[in-house]
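Visitor: Protein chains in written order, with my numbering: chain B, 1 to 132; chain Z, 1 to 132; chain A, 1 to 132; chain E, 1 to 132; chain L, 1 to 132; chain G, 1 to 132.
In short, the hints are calculated from the structure, not lab data. No residue lacks a Cβ here, since even glycine has one placed at the ideal position from N, Cα and C. Misleading hints may appear alongside valid ones.
[To be verified] Partial chain B-side listing against chain A, Cβ under 10 Å, derived:
id	residue
1	L27
2	H28
3	S121
[Unchecked claim] These stretches of chain E come out as covered by chain L in the derived footprint (C-beta under 8 Å, 3 or more residues):
id	segment
4	78-90
5	121-128
Spelled out, the chains give:
Number of protein chains: 6
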Amino acid sequence: MFTVTVRDHLMIAHSLRGETFGPAQRLHGATYVVDVTFQRPELDGANLVVDMGLAARAVQGIVAALSYRNLDDDADFAGINTTTEFLAKVLADRLAARIDDGALGPGARGLTGLMVRLHESHIAWADYQRAL
Amino acid sequence: MFTVTVRDHLMIAHSLRGETFGPAQRLHGATYVVDVTFQRPELDGANLVVDMGLAARAVQGIVAALSYRNLDDDADFAGINTTTEFLAKVLADRLAARIDDGALGPGARGLTGLMVRLHESHIAWADYQRAL
Amino acid sequence: MFTVTVRDHLMIAHSLRGETFGPAQRLHGATYVVDVTFQRPELDGANLVVDMGLAARAVQGIVAALSYRNLDDDADFAGINTTTEFLAKVLADRLAARIDDGALGPGARGLTGLMVRLHESHIAWADYQRAL
Amino acid sequence: MFTVTVRDHLMIAHSLRGETFGPAQRLHGATYVVDVTFQRPELDGANLVVDMGLAARAVQGIVAALSYRNLDDDADFAGINTTTEFLAKVLADRLAARIDDGALGPGARGLTGLMVRLHESHIAWADYQRAL
Amino acid sequence: MFTVTVRDHLMIAHSLRGETFGPAQRLHGATYVVDVTFQRPELDGANLVVDMGLAARAVQGIVAALSYRNLDDDADFAGINTTTEFLAKVLADRLAARIDDGALGPGARGLTGLMVRLHESHIAWADYQRAL
Amino acid sequence: MFTVTVRDHLMIAHSLRGETFGPAQRLHGATYVVDVTFQRPELDGANLVVDMGLAARAVQGIVAALSYRNLDDDADFAGINTTTEFLAKVLADRLAARIDDGALGPGARGLTGLMVRLHESHIAWADYQRAL
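With the rest of the complex left out, here is chain B:
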């Protein structure tokens, strides 16, 4: 099994609801360092898991759509706790849709899995892993 990972980042504001979250119930923010991993059982004809240029651009597009925003104001997340683990899934699902759309090239249809890791600090991170 092969994987390739590219790193990007996004910076957002948000608040979380529920006593569990303690001071994170207040409006605050985070930098998420984003690692996107593409998985594939065999390499393509160019010896690649995925076209890195197209992959990096697609990741950047999905990251940019959330960057420098207050997620509390995003209609997509109305009434939803935008935890790190939840956001990992949002990014993975949006990227999976782009792959289906052909944004990563026809070869990317050979991908079998996707993982998104969001680092929220030097001591905490979350992953979401899904099939394609």
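Given chain B's structure and the hints, the job is docking chains Z, A, E, L and G onto it.
Guide: Chains Z, A, E, L and G alone, transformed into the frame defined by chain B:
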């Protein structure tokens, strides 16, 4: 599949028995940077894998019980080589017991797996992964 | 010359004013990984630059006062761009005041310099360095 | 399941063929930071996944055979795109052969899997994972 | 004193002349992770050391001019050993020229120093520091 | 001003005396990731700060002399608190003596400064800097 990871560390002395270990047969020590990963197929009602506050405190408790000690003097490890891979299992099993005890809250019973990674230097680390 | 550094982090929301800031003019947020460096020409009687326990606690106190907040609502920063480099100075100056107050112990009066580094992502960070 | 990982690195020149690669079609080079992960369901009698000394030496041998070379001149790679993901497989397969040869000791025959991760920069890396 | 640092990277081929370099006399290559640090005694009116957008673009331009090339073929380096420390100076001097040209905005003329750090692997890096 | 840095590590046991040290008064241990920085105002004829092969070997020799030992049993440290900052100075001074002895080659006599950084965990490190 979702995971969340928290990082902590511990500093111990120990020695290892067997020629395989070369100079590490002498009494020496290590800083272990400890990454604990909690796994769960679906998020809970708050969009969490685990209550991070409770999780971090439980990890800290387990780490503190070993920290700043000579493991050669610990009755739990009498006659046992406290290698990095072995200690990863010790930490994982102790944390699994705390989860069973309810220390991470009732929601933590939805966790399905646990991984402990111990970094012993910038060039070596060990993992132990188990089901819950 | 000796230094000791301790790492902590804080998570805040804020916005920045001026076209220079592009999309960062919108309300967003950041995780700052905070490295505080204490400087001293000679070690004290215990062979220390500073009492690490007291130092870590003082850093934590200063970090906690800003953590999980929207800096746009903080009266101390009214009309001020809370850039990364500016916040590094805020943390350093507040810590210098705590050192003057004796919060790091009488020995900390032997410190001659302080540096605060704020990492805002894996590709950008800022430092502020001052004498004591 | 247990794993142990050791880190090394290699520095090579190469070029890649195909428009996908853009400027990387020119002769250029890379530092690969190499993480080799050894997997085993149970520890051996010394509480080890693998004899770290032998493992590190075997990794070093395989890395040295490629280091400080232009891969375009290596007969083993004639007509082949030496992408990061492809090179991860080369290293893993060569190491698997050394394990079969007994270079990591008889105990290493208990290993069940191997992963090689090659970091080509701070923002991109590739893995290859195989059974033993 | 304030500094701001931005990170980028470049990948090149080259060879080094002289027995000191051992196997690095052969044509090989490197990824350099590039950290560029801008220094300034006081912040500007926007509370900045430098306009980060302009700075990142200028760094990218200087990095791109060397990226994906064989430095042995670059007329600028004919008969010159392109060691890591030497390349750090090349990047710093080229960036200093861009600052003089106004590429980082008129405010960048308040900068007093520049440092370039090139990481060639996880175990070696070089810096060059100069006044502006 | 130029610098070159090489990284190595050592693993030791020790205890610290004085209430300041809390639980670290007990026999415990540490991994120190060791960064040694060599400084020089101008490069030598080969465009080097220092012969990296000789430098790495000298660092390794100094590190090996302390590695896998209980520092409480080392006559050189009898009655001395082997804090991280103190050990940074020990390594720097020993390396300075090796440079004087010519172990890094005659060219190393052009070095003007030396810094040793010891990372004791992901959240704490200490530096010692000296002239040559």
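Visitor: Hint by hint, note whether the structure agrees.
Guide: Evaluated hints:
no., hint, verdict
1, L27, "holds (5 Å)"
2, H28, "holds (4 Å)"
3, S121, "holds (5 Å)"
4, 78-90, "violated (count 0)"
5, 121-128, "holds (count 3)"
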